[in-house]
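*Asks:* Residue strings, one per chain:
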Amino acid sequence: MQRFHNNDNNDTARSRRLRPLGVAALWVVVFLIPPVLSSHADPAEPENQLLSVRVIPEEVDLWGAGAAQRIVVLGQFADGMRRDVSDQAEITVSNPECVRLGESRRIIALTDGEVVLTATVAGRSASAQVRVQGSRQQRPFSFQRDIGSIFTKNGCNTTDCHGGVKGKGGFKLSLNAVLPKDDYHWIIEGGTFQVLTDEVEGERVPRISLEEPEKSLLLQKPTFEVAHGGGERFKVGSDDYRTILDWIRAGAPYGEESGDSVKIEGLELFPREAVLGLDGKYQLLVTAVLSNGRREDATDQALYTSNNKDVAKVSQGGMVEAVKTGETAVMVRAAGHAASATFGVIADPIADYPEIPRHNFIDEHVFAKLEKFNIVPSEPCGDEQFLRRACLDVAGMLPPPERVRQFFADPDPNKRAKLIEVLLGSPEYVEYWTFRFADIYRVAYYSVFSAKGTHAYWQWLRENIQSNKPYDQIAREKLACQGPRGATGHYHIDRPPEDMMSEEVRVLLGRRFDCAQCHNHPYEAWSQNQFWGLTAFFGRLTEIGQYSKGIIVDLPGGHRDRGMGGPILHPRNNQEVQPTFLDGRILPDEKRRDPRMELADWMVSHPYFAEATVNRMWGYFFGRGIVDPVDDFRSTNPPTHPELLAELAADFVEHGYDLKHLIRRIVSSRTYQLSGVPNETNRDDQINYSHALARRLDAEVLLDAISEVTGVPEVFNHESGGGIAPPGTRAVNLIETDTYPSRFLDIHGRPDRLNVPERDGKANILQAMHMLVGSTFHDKLGGEGGRLDRLIKSEAPDAEIIEELCLAALTRQPTADERSALLAMLAAQPDRPQALEDVLWGLISSREFTYNH
Amino acid sequence: MPKHSCAKCDGGDITRRGFMQVGSLGLLGLGLGQYLQVSEALANSGVVVGKPKANACILLWLEGGPSQMDTWDPKPKNSGFKPIATNVDGIQISEILPGTAKHMDKLSLIRSMHTEESNHPQGTFYAMTGHRPNVAMKFPSIGSIICNETAPRNELPQHVLVPTPWEADFFDYRDAFGGGFLGKHDAMVMPDPSKEDFSVPDLVLPKSVTSDVIQHRQSFMNVVDQHFRRKEKLAEFGMMDDLNQKALSMLMSPEVKKAFDLSEEDEKTKDAYGRNRVGQSVLLARRLVERGCRFVTAAGYSHGQWDTHGDNDQRLRDELAPTLDRTLPTLLQDLDQRGLLETTVVLVMGEFGRTPDINPGHGRDHYPECWSLAIGGGGISGGQVIGASDERGAHVTERMTSMGDVFATIYKAFGIDFTKTYMTPIGRPIYLANALGDVQGQPITELI
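One line per chain: the protein sequences are A and B, in this order.
Taking this note's numbering, I'd label the letters of the first sequence as residues 1 to 853.
Taking this note's numbering, I'd label the letters of the second sequence as residues 1 to 448.
So that you can see chain B by itself, here it is in the shape it has in the complex (with noise of 0.2 Å):
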């Protein structure tokens, strides 16, 4: 059954009001079971007690859609692999990802997300946004919704892409991780920084204009911009001003230099991480959360990689799961080591799952339907598992789960309000965290 939440009646903001049209619900008419739904929303405020223990995410992005029962929830009836046992008891992951399975205590997984697009643009905008994309509207981005609710950490881009594996097509697959309708915190895309010649665009200077050039440039501008602007005034000039004096503050900063310095890293944490675009994108990703940036979407692997319309089983042995059992288990680790997993929410996952049954192709199809996730770290715990499929992986039986849920969860362990809804420019009220239906999502209460 829906919930009917109203955007005025938000826990966030619990006022007499709010229980008088809790009350006012059951007079018209409606049922027990939306009067403790209504209930549990205001328990479930969105207003954060305590410390958030969040301030940086990075997303692992499955390019094309992984199988939800050859990885996260194995099913021996209906997967050619076998499930193992992790370092959390009770809990079984697919052998093709040991390496992985003795890191299972850093994170938690979700084995009933049910999302409504089989299609790969529509999939991924609709796991970023929580919304079907809609000619009439830009929804923003969870990462540009996290910039947007929370104060940059530095001069550091706060929301990136790593690299963009997006080949054109009719959709612009850059819409999933923008800033929307908010008209800011697009994601920064960078290059591939698997490549020899990885260098940020603009971010460094070329070899012959030195400091001294710059100032020398700015000078000049100073002179021959006087005589328009005397005239002529824009509050949009004031603004221009920030901006360039931010990108001057940026460039000249060695530490914004060093974020992006891949060399700085030395050659044995390069090659756990693996040394390919998956490894690297990974390991550049948690250094730009070390040092600043907010979201980080780390999709180094290449468009619809894991897209394994034919040859599932061999696709996933070979190719997808060694770097992800490489790369992941590394990260974890690694930030586990540096102190910053406390801080950081890892959250890895694709646009949706893949059919129970398999094609003529020995390849697995779309599917939306019933799905699974990893999430851990930042607050968030780690070693649970959250919801159930059945026994072919087809169908949720537990707890149904949607993106709204997931960014609730995710909203709350940073200390955003995740009851929040944004007023479109066209007047329409979105949720922060909009789950299926068009209702606010609610926090996975067993992980945080």
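The following block holds chain A by itself, in its conformation from the complex (with noise of 0.2 Å):
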């Protein structure tokens, strides 16, 4: 197994073929330089001179024979930019004995001991303290690192081949290498790989042969020398071809079971974040960050995939290159794992962008990042646009007139401070929160078949709501209660524990755990079993009595009779799934008399579930989650403020989980508090919170705004003859809203709450019809006793009449222009209520009101 004991075998590999070259480079220390440097970098460019170099990383520890690390070298310059400066860089180290410098700036341990490196770029230099150790103990060899990684930087098991759910062409492999065992499986015993059952498929033929290693289909398919729906990934003879073939020669061992060695828990990149010039490029560095404590250079053995290839380009061996103005992130995927960096790449970088003051931490980071990217935020919104967007995103409701002009009117400059915690205090805020809650939390008739246990499901959360419970108890509660309807208003015996599960893990840890429910998924280190594993936590779930007498309890039998409940089947196997935790522990045989309490505890406290939580709240507010959609987190879908999602989630623990807390740090920043009108520079921004992006209002906000501006309430009919919701019932209000049938509400994308609720916002041509010709705005504009029928019949003069209109609808005074322009169309029309309703039409179908902005 001698072969395989080296933690550098391409290195190994390339050096046994040049030999001469190798051993001369053990003497040659100095790498030499191209003399030319990029024109970025040109002294006689004064305003955009080199002022400092970086070594990256400043410190490594090299651990056993052969290790290596690969070294980046970070210039700083006078125009603010950094920049990729190692192919310039003359690199030295003090100690060749110790170690050498290979390939593409690899160091590479010869001997333990200590040394510095050193690298100079146009007279500045900086070094970096390299320390090697165990340089005579091999590595032992492991399938998964040195095998598997062929397979992951080569594509091989990406999800378009054969990392996908079923495989390609009747060969599977676990995505990334992240189920070696598996991926050892096929290879030796070979087979079809089906995907719902563990049964194979097809005759059992080896894809490696020891007899002729050379005919191995694991070596020909990738050589193309037998025909290959993937093409030629590596050549005979290279160093991949070189590794596979040993490894087969030496009889195809699995290795070290990686149980008992050293598992990778992560990688780390740097620079997880970085700007480019148009002509920019950047060497990304992966770690491996090991179980033991120790790192190891990950840089060759990673896939690297730009999200968006026609803002920056990312080569095989993680060279990221800009391609054009814009952001991407480039995922890194290696050894079972995936993480992301995020590359802006920009044009000139602005010369004297200016301060922008921060109100709290949320502009830190939001103002950092778009220095970086060279775009300068908008100018703080107006007070009419401030009073709008605050009272629809903290109480979901316009203000009335005479609070538009008492605003307006007041000169206090800690005004929006003031009106923030008025908000916060109203009982809007209660019903509109209630709302949004008995939307992801699926408040509806038709989930538990019972008016009363729907009433007292949203009781409950009413009442958290008013306390400001802090929001861990509401979900632990949520999740774990027992006993009669209340806060087990969700669970009803018919249905399946995967759902129940799936649903609490998207709705409190902002994950979609679905795909697992059949087949490892595709793009995460989330297998079935992780699936099967916590669904076996609602395995003893059932109910006693039905509809509103139903009590939901945790027994030892579950509910077998109604198919729910009892022991948890794997579906591949049907063997019984203990209950597990993702990370793999077992829920302990005396834990088990209320599993829902012990997952509760276990998720509230998961760093998941805070910034799940302040993503998703952030969404409200912004129309977009730092990771969007916001209950999609994956690796493969990284945060575009990633410490700010961080210090959102630890400011919420830190003042216990309290929603009004979050919610005015997010209203209190200058960040929410932008205006919607862009910059030169920021009018592309779409992701990065320059400037305020105009949000359509939902369903029940913009009917009951319709409502008040016409001041005609809607009326709303039970589906089955109950009668019609009490007068003035709000649409936010409605307790089991899916009995209440509303086409206004169901084509503007009213969820049913029958599943996690996905709200549909987009404009239709429903709505647009609707909009023309349909009863909610045509029978309200006039209606008798509303805003309107009162200002006629108050003989309001028609500057009046629109100002009033103007203040309602909009939240604003008309423009001049607006004014006279209207007041001359109404004067040229015979039927002035008619005209005047045409008005209130109008305003209330304009964009400026349909929107939140």
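One or more of the hints may lead you astray.
Calculated lysine-lysine pairs in the DSS-like style (CA-CA distance at most 30 Å, straight line) [stated by the list, open to error]:
1) A/Lys793 with B/Lys207
2) A/Lys762 with B/Lys246
3) B/Lys184 with A/Lys309
4) B/Lys233 with A/Lys762
5) B/Lys233 with A/Lys324
6) B/Lys270 with B/Lys207
7) B/Lys184 with B/Lys53
8) A/Lys166 with B/Lys420
9) B/Lys184 with A/Lys166
10) A/Lys469 with A/Lys418
11) A/Lys324 with B/Lys231
12) B/Lys231 with A/Lys762
13) A/Lys324 with A/Lys313
14) B/Lys184 with A/Lys762
15) A/Lys372 with B/Lys231
16) B/Lys420 with A/Lys762
17) A/Lys309 with B/Lys420
18) A/Lys235 with A/Lys181
19) A/Lys313 with A/Lys372
20) B/Lys233 with A/Lys309
21) A/Lys415 with B/Lys231
22) A/Lys324 with A/Lys309
23) A/Lys215 with A/Lys235
24) B/Lys231 with A/Lys418
25) A/Lys762 with B/Lys257
26) A/Lys263 with A/Lys166
27) A/Lys372 with B/Lys233
Note that these hints are calculated values from the structure, not bench results.
Both chains come to you apart, so use the hints to assemble them.
*Replies:* Here it is, written out as structure tokens:
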């Protein structure tokens, strides 16, 4: 097994072939540099001088024989940019006995010791400490690390090839070699994988041949010696080829059991975020963090993909190159893990970037990134925009005209902060956030078939919002509750336990687990075993009595006769699954009396919980999450502002999961209070919060706003003759919203709450038709006792009516132009009431009204 | 043996590499059978040769699931009804459908349907999408896929469901007729056209609103909206303008109004279709496809009407067969006379079949294992029987057919590349015609 004990197969192979050069290289420790510097670093351009350089990483620990680390040299320039100047750097080491320099600026361990590495570019230098240990110890062979990484970096085990759910061409590999034992099995035993069962399809023909190693399919396919749908992945004789061939010649061992050895716990990237000029490039460094605390360079074992190749492309070795201005994530996959780095590509840096005041830490993060990305945020919004925006976002309603006038007239410089407090303390706050959480907690008649049960659930939620109960407690009660209807209002005996589980994971942890129900998740390291392990926590859940008398309890036998509860069986092998946390811990027997409580405790204290919650809340105020969609956290869908997300979550936890505190933080930030009017630098920005983006009002809020402005409340008729909802009930206050049919709400995307709601807020043709001739608009305009009717009866002049309607609908005075145009148009109409109705229609059909901005 | 189709190796794009892959399957140690299946797939290319005939489809939905042995697949030993001859030699159907028997040349029967869901909501979803419902993904229905793959014929809504028979439940039946992850082409739902006060919501101007008023309103809105739109610009705003324009032209169009106006049909025609929900829904469906809709589901039977768990024979004889046997022949004849049968696919089915065993309540229960449907028109030939079941109608004995095969047949009739896949938002490729075991469905070559 000697051959596989090397940390640096590629390099060994290469030095074998290039022995004379390799020997020479030992003595040539000075890496010669191309003398021409790029235009940016041209000393002839004084405004763009290189100020300093840095070596990344600044400390290198090399452990084991042949251990290697790539280094990058970064230059700080006078224009504020950092550039990768590695290929212009002259690199020396203080002790060439200890390490040598390999290709692509790799330092390779020779003997134990400490070394100072120095990089010099155009007269500026920086150094790094290198320590070599255990240089005589060969690393044991591991199938996952030594063979699996070849599949990963050549793209063999990606989702659209053999790493897909079904594999490809009958050959299945796990995504990123996350399940090395399975990979080993399919290679050694052969056979065709089937998705829904453990049974193997077809004849079992091994994919390697110990008798004739070169004839192994595992070598002939990727080298295209035989036809291969994926084409040629590497060449005969290449390093990867040799590694696999040597492995087969050695009897194709599995090597070290992953359980006994050092595991890779995660990947770290450098940089996580960087800005490139239009001709810029940047070498990514990937470090594997091991379970024994050591770190290992994995830059050469990783697969790189750019999410937006139009913005920046990335080479096989991790070199990122700018293409055009914009922002993209670069995904990095290695050794069963995935991570991502964000790259911005900018045109000329702004010379005199303005100083932007910060209100709180939100602004620190958002504005720091904007500055880095060469984007200047818009001006703060005016009072009228702030008033409208805050009222809609915090309390779900428009401010009435008198309130608007009051706010404009208030000279207090702290009036915005005062308004926030008023809104947070208002009954509308309670109604609005009860509605928001009723959506994601699914308060619906048809989820329990009981009006009483639905009311009890809604009441429980409302009281919690009203008392501002710490959110972790609300979530814990919702998940763990037993007993009569109340917090249990979303559990129903006919709902499969796996649906309950994946709903909780999605709502509380922001992760979409559903794919793993039938197969290992195609993009994430989430396995089917984990899915069913979590589902097993719901195995005891049962319901005694029915409908309004239904009592949810956990009993040892569950409720088998109703097809629910009892032991949860794994669908692939029909074996009983034990309640197992995501990290693989099995719930001990003595704790199984109340498994959902155990699960709830674990869930709300998991870091996922706080970050998923603040992200969801953030989404309500900005129209998109820091991770977007808000409940789709995964390594391939990175946050736009990771540090902001982390600090928001930490702040939320620190303040006792206080929702009001979180809302206050968000709406107090300057970021939230920016104007929607873009400037030259931020016009195209959609994801960095450089200006407010207009958001359509959600169905219920829009309907309530129309009722408010027209002064004609909506009447909601119960679907099966249960009478009308109490007069004046606003749409956000409908308790069993799914039993009140409403054309307006349905075509504007009201969710039915039968599954985790996904609101479809998109514009559609039905809305356009309803706006033109639908009853919601038509019947309310001149409705008796409504706003317009009252104004006409009070004999108010046209100008006054226009002003009042504008204040009510748009939270602002009409402009002089609007005033004169509307007055002239009104004067030209013979039928005044009809014409005024038409004005009101124009107001509530306008974009300015139907959007929060 | 399940087929292992490969998304990249679709017949529509036969390249050298496609053939290479076929070769590679053999070398991977897979059997000759699979090799032949793939070859067949290549021969049965999705590329349509010649001019497609179909431009519209009417689905007559038998809500609740009809009993196959008492309708299209008569089993004298296991049915209370006798078989009768039809106008096609050698094809017999149940005696309770004598009217339909006279038009057997226009319809073919598939007696070997096999599907996977035995509950109504899931079965309906499966029948309309070819997929079992899945919390991770909403699949598009056949109607929305056809609308997605073809250009709108005119300003009429292209995908219509008339009316909706379903009451609220755990499951939203509308999902079965939606565009799913396509995010568009949901069926527009019509009210019951047999009602006196039938009118389409938001399609007709209220009496007090003249086209003048509409124009005034637009001009007022333009005044108040300018202020905001000069400052803030969203791509969405332009899209909304387009939608408004479309809505406006739809409202103002006499053609659209006419299409939905059943009063234009003469009394004799209304009688012929049947003065009930079923008859009038099918009549409206014909009017709509005649005037430009693509896919109309006529779902006039009420929720679970064909769900004969009790008194199967009596309900079939007295209630279900009479309406079907009045409306269906009328539709076929009417389409034929208007020259529309050439271009209109007619599909008659429910969500599954019914058990070969009779339960203690003299009823039959849900049965997806083996059932029948009728299909014809739009270039799909009539007068044929596809597949067969055993003598009790319990199991498929010949040519098992799945929804994906039926869909592929219909797509082919429309000239839609049935080998196509859609990439879902979460990156899972989905066949337009998804057959059993998540493989690509194949057109029924005997029919098209």
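*Asks:* None of the hints should be skipped; say for each whether it holds.
*Replies:* Do the hints match the structure? See the list:
1. A/Lys793 with B/Lys207: 24 Å, holds
2. A/Lys762 with B/Lys246: 16 Å, holds
3. B/Lys184 with A/Lys309: The hint holds at about 28 Å.
4. B/Lys233 with A/Lys762: 16 Å, holds
5. B/Lys233 with A/Lys324: Roughly 23 Å between the alpha carbons, so the hint for lysine 233 of chain B and lysine 324 of chain A holds.
6. B/Lys270 with B/Lys207: With a Cα-Cα distance of about 27 Å, the restraint between lysine 270 of chain B and lysine 207 of chain B holds, given a limit of 30 Å.
7. B/Lys184 with B/Lys53: 25 Å, holds
8. A/Lys166 with B/Lys420: Answer holds: lysine 166 of chain A to lysine 420 of chain B is near 18 Å, not above 30 Å.
9. B/Lys184 with A/Lys166: Measuring from Cα to Cα gives roughly 29 Å; hence the hint holds.
10. A/Lys469 with A/Lys418: 23 Å, holds
11. A/Lys324 with B/Lys231: Distance ~27 Å between lysine 324 of chain A and lysine 231 of chain B Cα, so the pair holds.
12. B/Lys231 with A/Lys762: Holds, at roughly 22 Å.
13. A/Lys324 with A/Lys313: Given that 30 Å is the threshold and the Cα spacing comes to 10 Å, the pair holds.
14. B/Lys184 with A/Lys762: 10 Å, holds
15. A/Lys372 with B/Lys231: Within the cut-off at roughly 26 Å; holds.
16. B/Lys420 with A/Lys762: 27 Å, holds
17. A/Lys309 with B/Lys420: Between lysine 309 of chain A and lysine 420 of chain B the Cα gap is close to 25 Å, so the pair holds against 30 Å.
18. A/Lys235 with A/Lys181: The given pair, whose Cα atoms are some 26 Å apart, holds under the 30 Å limit.
19. A/Lys313 with A/Lys372: Holds, at about 20 Å.
20. B/Lys233 with A/Lys309: 26 Å, holds
21. A/Lys415 with B/Lys231: Holds. Lysine 415 of chain A to lysine 231 of chain B sits at ~25 Å (cutoff 30 Å).
22. A/Lys324 with A/Lys309: 9 Å, holds
23. A/Lys215 with A/Lys235: 14 Å, holds
24. B/Lys231 with A/Lys418: Status holds; Cα separation ~28 Å.
25. A/Lys762 with B/Lys257: 26 Å, holds
26. A/Lys263 with A/Lys166: 27 Å, holds
27. A/Lys372 with B/Lys233: OK: lysine 372 of chain A and lysine 233 of chain B at ~25 Å, within 30 Å.
Going through the hint list in order, the structure satisfies each hint without exception.
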